[in-house]
Amino acid sequence: MTDKGYREFTPRPFGPSTILTVVTFTFVDANDVQRWVRRRMLISSDAPVLDGQATKIWYDAADPGNESRIVVELATTSAR
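For the sequence shown, our numbering begins at 933 and goes up steadily by one.
No wet-lab data here; the hints were simulated from the structure.
Hints should not be assumed to be uniformly reliable.
Unchecked claim - Estimated spans, in silico, between C-beta atoms of each pair: (1) 1007 to 968: 36 to 46 angstroms; (2) 995 to 949: 29 to 39 angstroms; (3) 997 to 972: 35 to 45 angstroms; (4) 978 to 998: 30 to 40 angstroms; (5) 1001 to 949: 12 to 22 angstroms; (6) 950 to 995: 30 to 40 angstroms; (7) 1006 to 949: 11 to 21 angstroms; (8) 949 to 994: 13 to 23 angstroms; (9) 994 to 958: 33 to 43 angstroms; (10) 949 to 989: 38 to 48 angstroms; (11) 988 to 964: 15 to 25 angstroms; (12) 950 to 994: 13 to 23 angstroms.
As the list claims (entries may be wrong) - Listed below are the simulated DMTMM-like cross-link pairs for lysine to aspartate or glutamate, each with C-alpha atoms no more than 20 angstroms apart in a straight line: (13) 988 to 1005; (14) 988 to 961; (15) 988 to 964; (16) 988 to 999.
Ideal Cβ placement from N, Cα and C applies to all residues, glycine included.
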């Protein structure tokens, strides 16, 4: 993950806050071409997205630039 789409947000006093944002993920395809894919995500203050957080990305090797065929799975722990 390269851009979480927000700088920070503060939890509400009575429970977690959420923010709808666009997160940018970067990957290198099988031809060593760096690509980006953007996904809208609802992020909770209880589980914020961290810069450099690990993800799994699946793409069509025959058409790696086709964003509609790219699947992103955000890991539940950071890449620290």
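Fill in: Violated constraints from the hint list, given by number and in increasing order
1, 3, 5, 8, 9, 10 and 12
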